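Work the whole structure out from these sequences, hints included.
Numbered by the numbering used here, the letters in the sequence shown go through residues 31 to 315 in order.
Do not rely on the hints blindly, as some may be mistaken.
[To be verified] Quick list of in silico lysine to aspartate or glutamate cross-link-like pairs, EDC-like style, CA-CA up to 16 Å:
| hint | residue 1 | residue 2 |
| --- | --- | --- |
| 1 | Lys294 | Glu312 |
| 2 | Lys80 | Glu37 |
| 3 | Lys308 | Asp254 |
| 4 | Lys273 | Glu312 |
| 5 | Lys180 | Asp137 |
| 6 | Lys180 | Asp205 |
I should point out that these hints are in silico values taken from the structure, not numbers from a laboratory.
All values derive from a computational prediction rather than experimental measurement.
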Amino acid sequence: WMVSAGEVVVVVSADLPPYRQAQEALLTGLDAVHRGRCLVLAEVTADPGKLPADAACVVAIGTPAATWLHRRRLTSPLVYCMVSDPVGAGLHQPPSASGVSTDVALDDQLLLIRESLPQARTVGVLYRERDERSRQTVGQLRLLMPAGWKLEAVAMDQHDSPAAAIDLLMGRSIDLVWTMPDTAIWNEATVRSLLLTSLRRRVPVFGFSTSFVRAGALFGIGLDPAAQGVQASGLVREVFAGKAMTTVVAPIYEICLNLVVAQKLNVTLPAAVIGRAKRIFEPGR
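See the structure below:
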């Protein structure tokens with residue numbers, strides 16, 4: 031097969047629903063003339079010849095696809111979405127790439143915390159001492175905190191078990207736990223442990239994803255993969271219009287609330303926050 035110049039080639043990191051949702055929205059945002067072949071990263075790494083040299087634009091969905099394609103130093107423009115920490119992944123280095131990050135600005139998250147829990151002053155966080163990005167995130171969070179706020183940070187990798195680190199953090203008179211997306215910290219077991227402990231200690235949790243809030247965090251942020259695809263399609267159209275490539279675009283995010291947990295914690299969330307929330311998990315639903 032051949033992909034003619036002018037078409038877009040999409041490479042998804044894996045055949046998973048979030049990536050496919052982003053892909054579908056991306057293709058919907060492009061006109062039929064520019065829609066090219068959609069590939070999965072595994073088939074491209076097994077046979078790089080499947081990646082055409084004359085594509086007008088290559089779109090990577092997910093960090094693995096974006097980093098692999100960027101290392102190939104493509105002659106075609108590279109656009110990406112569903113990528114966490116693009117700078118840490120090296121996507122800011124030449125050759126230039128343009129894309130949508132999944133990282134919601136920390137100051138936006140702190141603003142949501144302040145609006146949702148006006149009395150909160152002490153924030154707890156679990157991080158990894160041996161991971162540079164984890165340490166940097168804690169440092170950035172501390173710098174951005176409003177005057178009079180305090181950050182209590184516990185390094186999970188410095189304790190015998192996640193449960194021990196969670197217990198230590200919960201014992202520090204914190205007003206809430208803020209979580210960062212880190213698969214080395216959060217899995218099904220550690221999420222469950224934190225959420226059960228938070229209910230027992232009556233300490234709210236700020237979740238970094240819709241699923242985290244659905245599972246039992248009081249509130250948090252969520253990303254819609256389809257919105258990432260829509261944003262990426264806009265960047266592709268900019269490529270076709272000959273505009274200078276944008277380095278990183280901030281994601282569109284949703285406010286998520288769990289009113290079942292609010293009831294259990296006896297917390298009343300402000301009406302203004304509830305009114306802006308896109309995902310609300312309520313009793314009986």
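Now the hints, each set against the structure:
1. Lys294 x Glu312: Holds, because 12 Å separates the two Cα atoms, which is no more than 16 Å.
2. Lys80 x Glu37: holds, 14 Å
3. Lys308 x Asp254: holds, 10 Å
4. Lys273 x Glu312: Answer violated: lysine 273 to glutamate 312 is near 45 Å, above 16 Å.
5. Lys180 x Asp137: Holds: lysine 180 and aspartate 137 sit about 15 Å apart, inside 16 Å.
6. Lys180 x Asp205: holds, 10 Å
Figure legend: structure checked against the earlier numbered hints; the only hint not met is number 4.
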